[in-house]
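The letter at position 54 of the sequence shown is residue 54 when you use the numbering used here, and the numbering goes up by one with no holes.
I should point out that these hints are in silico values taken from the structure, not numbers from a laboratory.
Do not rely on the hints blindly, as some may be mistaken.
Claimed, not checked - Here are the computed distance ranges between Cβ atoms for each label pair:
#1 Asn19 x Asn43: 26 to 34 Å
#2 Asn19 x Pro42: 19 to 27 Å
#3 Val22 x Asn55: 15 to 23 Å
#4 Asn34 x Gln54: 17 to 25 Å
#5 Asn2 x Asn43: 16 to 24 Å
#6 Val74 x Gln6: 24 to 32 Å
#7 Gln72 x Leu24: 29 to 37 Å
#8 Asn18 x Met47: 13 to 21 Å
#9 Leu12 x Asn64: 19 to 27 Å
#10 Asn19 x Asn41: 15 to 23 Å
#11 Val74 x Asn21: 15 to 23 Å
#12 Pro42 x Asn17: 28 to 36 Å
#13 Asn2 x Asn71: 28 to 36 Å
#14 Gln31 x Gln57: 31 to 39 Å
To be verified - When the alpha-carbon atoms are kept at most 25 Å apart in a straight line, the in silico SDA-like pairs for lysine to any residue are as follows:
#15 Lys16 x Val62
#16 Lys16 x Asn50
#17 Lys16 x Val58
#18 Lys16 x Asn53
#19 Lys16 x Asn27
#20 Lys16 x His28
#21 Lys16 x Val74
#22 Lys16 x Asn46
#23 Lys16 x Val67
#24 Lys16 x Gly45
#25 Lys16 x Gly44
#26 Lys16 x Val5
#27 Lys16 x Thr4
#28 Lys16 x Phe32
#29 Lys16 x Gln6
#30 Lys16 x Thr59
#31 Lys16 x Tyr56
#32 Lys16 x Met3
#33 Lys16 x Phe49
#34 Lys16 x Gln72
#35 Lys16 x Gln30
#36 Lys16 x Gln54
#37 Lys16 x Met47
#38 Lys16 x Thr26
#39 Lys16 x Asn71
#40 Lys16 x Asn55
These numbers come from a predicted model, not from an experiment.
The beta-carbon is built from N, C-alpha and C at its ideal position, and this holds for glycine as well.
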Amino acid sequence: MNMTVQYEPDALIFLKNNNINVQLFTNHLQQFINPNGQNINPNGGNMQFNFNNQNYQVTYGVVNNNVFMVNQIV
């Protein structure tokens, strides 16, 4: 499974407000979800994601089995 990452506006605002590099975050997220695709719920859900020694709760949806849509990050 090779999924691309896209963001809802709220998720992008969170990254920008926290001075997180979107491209870097996306690259790390793609490396995490693609080898671990079996852990991705096709109906969407929540997952813990560690980036730069910081844990984030990512709420996501899946579009057409190939887009990992980040709805919210906390």
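Going through the hints against the structure:
no., hint, result
1, Asn19 x Asn43: 26 to 34 Å, "holds, 32 Å"
2, Asn19 x Pro42: 19 to 27 Å, "violated, 33 Å"
3, Val22 x Asn55: 15 to 23 Å, "holds, 18 Å"
4, Asn34 x Gln54: 17 to 25 Å, "holds, 21 Å"
5, Asn2 x Asn43: 16 to 24 Å, "holds, 19 Å"
6, Val74 x Gln6: 24 to 32 Å, "violated, 18 Å"
7, Gln72 x Leu24: 29 to 37 Å, "violated, 19 Å"
8, Asn18 x Met47: 13 to 21 Å, "holds, 18 Å"
9, Leu12 x Asn64: 19 to 27 Å, "holds, 21 Å"
10, Asn19 x Asn41: 15 to 23 Å, "violated, 30 Å"
11, Val74 x Asn21: 15 to 23 Å, "holds, 18 Å"
12, Pro42 x Asn17: 28 to 36 Å, "holds, 30 Å"
13, Asn2 x Asn71: 28 to 36 Å, "violated, 21 Å"
14, Gln31 x Gln57: 31 to 39 Å, "violated, 19 Å"
15, Lys16 x Val62, "holds, 23 Å"
16, Lys16 x Asn50, "holds, 17 Å"
17, Lys16 x Val58, "holds, 15 Å"
18, Lys16 x Asn53, "holds, 18 Å"
19, Lys16 x Asn27, "holds, 16 Å"
20, Lys16 x His28, "holds, 16 Å"
21, Lys16 x Val74, "holds, 13 Å"
22, Lys16 x Asn46, "holds, 21 Å"
23, Lys16 x Val67, "holds, 21 Å"
24, Lys16 x Gly45, "holds, 23 Å"
25, Lys16 x Gly44, "holds, 23 Å"
26, Lys16 x Val5, "holds, 16 Å"
27, Lys16 x Thr4, "holds, 20 Å"
28, Lys16 x Phe32, "holds, 21 Å"
29, Lys16 x Gln6, "holds, 15 Å"
30, Lys16 x Thr59, "holds, 17 Å"
31, Lys16 x Tyr56, "holds, 14 Å"
32, Lys16 x Met3, "holds, 23 Å"
33, Lys16 x Phe49, "holds, 17 Å"
34, Lys16 x Gln72, "holds, 13 Å"
35, Lys16 x Gln30, "holds, 19 Å"
36, Lys16 x Gln54, "holds, 16 Å"
37, Lys16 x Met47, "holds, 20 Å"
38, Lys16 x Thr26, "holds, 13 Å"
39, Lys16 x Asn71, "holds, 15 Å"
40, Lys16 x Asn55, "holds, 17 Å"
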